[in-house]
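Taken in sequence, the protein lines are chains A, B and C.
Taking this note's numbering, I'd label the letters of the first sequence as residues 1 to 343.
Taking this note's numbering, I'd label the letters of the second sequence as residues 1 to 286.
Taking this note's numbering, I'd label the letters of the third sequence as residues 1 to 280.
Worth double-checking, as some hints may not be accurate.
[What the hints assert, rightly or not] Computed footprint of chain B on chain A, listed as stretches where at least three residues anywhere in the stretch have a Cβ under 8 Å from a Cβ of chain B:
#	region
1	70–76
2	82–88
[Claimed, not checked] Which chain A residues face chain C? A few, computed with CB under 8 Å, are given here:
#	residue
3	K159
4	G319
5	S321
[As the list claims (entries may be wrong)] Each pair of labels, with its calculated beta carbon distance range:
#	chain 1	residue 1	chain 2	residue 2	range
6	A	H119	C	V131	53 to 61 Å
7	A	A54	C	P57	46 to 54 Å
8	A	G135	C	I137	41 to 49 Å
9	B	A62	A	S115	24 to 32 Å
10	C	A43	B	L35	46 to 54 Å
11	B	K107	C	V173	32 to 40 Å
12	B	K107	A	G332	50 to 58 Å
Because the hints were derived from the structure by calculation, they are not lab data.
Every residue gets a Cβ at the ideal spot worked out from N, C-alpha and C, and that includes glycine.
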Amino acid sequence: MMSIAPGYRAAVACLALAAMTAAWGLPLAHAKELRLLNVSYDPTRELYQEVNAAFVGHWKKQTGQTVVIDQSHGGSGKQARSVIEGLEADVVTLALAGDVDATAASGLIARDWQSRLPHNSCPYTSTIVFLVRKGNPKGILDWGDLARAGVAVITPNPKTSGGARWNYLAAWGWALGRPGGSDSSARELVAGIFRNAPILDTGARGSTISFVERGIGDVLLAWENEALLVTRAMAPGKFEIVVPTASILAEPPVAWVDRVVARHATERVSRAYLEFLYTPEIQEVAARHYYRPTLEEVAARHTAQFPEMELFTIELFGGWSRAQKVHFADGGEFDRLYRGGAR
Amino acid sequence: MHGTALAARSARGELRAAHLSEPRWVRATLIGVALVFLGIFLVMPLALVFAKAFEGGISAYAAAVSDPMALAAVRLTLVTSAIVLPVNLVFGVAAAWAVSRFEFRGKNLLVTFLDLPFSVSPVISGMVFVLLFGASGWFGPFLQDHDMRIVFAMPGIVLATLFVTSPFIARELIPLMEAQGVAEEEAALTLGASGMKTFLRISLPKVRWGLLYGIVLCNARAMGEFGAVSVVSGHVRGRTTTIPLHVEMLYNEYQFSSAFAVASLLTVLAVITLVVKYTIERRGFE
Amino acid sequence: MTDGATARRASVLPGFGLAMGITLTYLGLLVLIPLSTIPLKTAAMGWDRFVEVVTSPRAMAAYRLSFSAALAAALVNAVFGTMVAWVLERYPFPGRRIVDGLIDLPFALPTAVAGIALTTLYAGNGWIGRVLQPAGIEVAYTRLGVVVALTFIGLPFVVRTVQPVIRDLRADVEEAAASLGAGRWATVRRIVLPQVVPAALTGFTLAFARSLGDYGSVIFIAGNLPLVSEITPLLIVIRLEEYDYPAATAIAFVFLIASFLSLLAINLLSWRQRRALGRA
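Work out the full structure, taking the sequences as your base and the hints as a guide.
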């Protein structure tokens, strides 16, 4: 058999050529531009479209630089894992502090990230409400109705979506607050709700589409901003919002990713971008997209849009790190209660 | 005996004698059923792409196709193909040469391995690269330390596409080269030509049509690959979305017209691929 | 002819070393090493967890759907594809060449484009859907949709495998049968089909293999409801999105093994069928 050494050399040469071309392809193409990647959770597409356009103009006026902002949207948990696995986010705007904590734990974000921006790094908040079809044919009025037989509940997958985890904890917290409520009654309720879920999409927007466009399910457990988006903009007249007797204050935080901004030399612009979210102008934009602004003066102007609700917070569960560990980690409450059905 | 028989072969376009063919009604029914089947499965989807693409009018079509995100997707798709095609070309020709010109132990095994990417689900094809190069993969820590990104970046997309399209050119060439035989090459060698010269001047030109079709098919697949790229890409619009991923994104956001408009780009490419094949076959697959 | 010559004169032609070197390096680095991650990662998982994941109701439902839909689609293609091949080769009709060229469309069209086109076509308000839905036939977002998508994907395989065989059928044998008094149907049944069926079986196998793991064409038209209309590749993707790599790898491993085994089984069956027909 003839020597195959020349073959190896040729092959290595080809592969090296390909590798060089590939390495050239991505980074150099963007070297000259100032680019920011905002890795966000699922429903914020429209919000950041408007915010980004405003920021680009604002930054240009302030510094003369042109900045390009790329967006990535998906279930918050999934997005956090992607960043940990190497997705180069300059800023993360996720659904819950737990996901940003997880990213911080991997060394990418400073541990004290939450105190770096006002209101615990939450420029806007929201809550969880129900979206039902017009006329509320199944008569869904409160959390208890969701576990009834014959009701199909649409919620995303808590393993990937932040909204889904807020849904879960809102139900659990409501059950705890009932007379005679306990962990076991809460567990029963939440298990019943997930038993009634025919499909678990990866993100909140996916669930919205399954419910609204594909017509699956009787009730959607949704971010308040998603529900309002549907009833005001996406499909007015076809759906109704049902506000439960109690729900959870959902606080989606934002943070810049220290390791990445250091590498990309984008710390200044990333910081400015996140601080921009707290300006009255952008707080108005948030309210327009149905997010509850945290700036008091702006919030005061929009009380009509956001009804008074009985809201408990994540503190009921001891904070996100505890909630994640108890409920959503491998082998936690969710894994144990989610039997049969889709798991 | 053969006076009335018009054709001895079932060559294209030639009528067969009555006793060698089916009764008229059978023929009509079969043609009808075949055309309805093809009409439903092939023609309608093709027509629908273009109908939906232009549903909003020419300006909506132009807007969708010239959208910066769409253009970024086109750029990424083209760069990926530009890398994948030459690499797979070299590999395909080398593999075809080895398999069709020589006998050796383990040849059957090699051919099976050549076909392997063909029978692996695209999702799995992408997944293996995440398992290799993702942060928790075999090479993950090494890549992190050296600040290199493969998954969620273009190199990952290129690798996944290389994997999926690797069999195409070899599969086109092997049967062709086996059927053609080596008489010309041997003649050239006996006349004193070097191996490389023989290869370039005799062997390659002999297979040029098969090679061309293999390249065109490989290109169509490389540009259209979805499952494998979806798994490694990270789906960052404007950065790591190829045309198929961009189409998916638009479709999932219920921007149907735009989705089909961008999809029509690859559909036109598909039609061009078919035309190329048709032309090759008509002009002569020598 | 020259094939035997190739074998005998292997050492005369140059380039074996170079060609094999390139081939082996490329295959090793790009195909074999990456694929080996699957069994290796699965092995690291622990037997109990492995069994729990791959035999879960959701995984079983996904395998069932993937395999049954691929089989059904390949069957449809075997029957109709043979018919199409026959029509294309034997019956001249206007536009035949164009139709013949169109057969390769599923090869050339991206799977995602096929996916959204088929879904839009068969959805309730689509061109075909609006005809079928009043009749109670739901295609989009059901298992039937999966079969339709996989039929599209596998269509060229049967046609292209059977066409050359029909083309090469020797008319003189048919002539002889006719002259001996055999009716047309008898001739077809006993002379033509035994040659065509093996090719159709090969095409069936190829169509099955190709459509089994397809993702892009199916993901839009399937309902993607767990336990009902979720294909195996989607389940793998969902586990990947949850970053549950062990589960994703385990399901992929089982799916790969099952795919290879079923291909082997079909090949064996068609080989035996070929032998039986050869003897008849």
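query = Which hints from the list above does the structure break, by number from lowest to highest?
reply = The structure conflicts with hints 4, 5, 8, 9, although it agrees with all the remaining ones.
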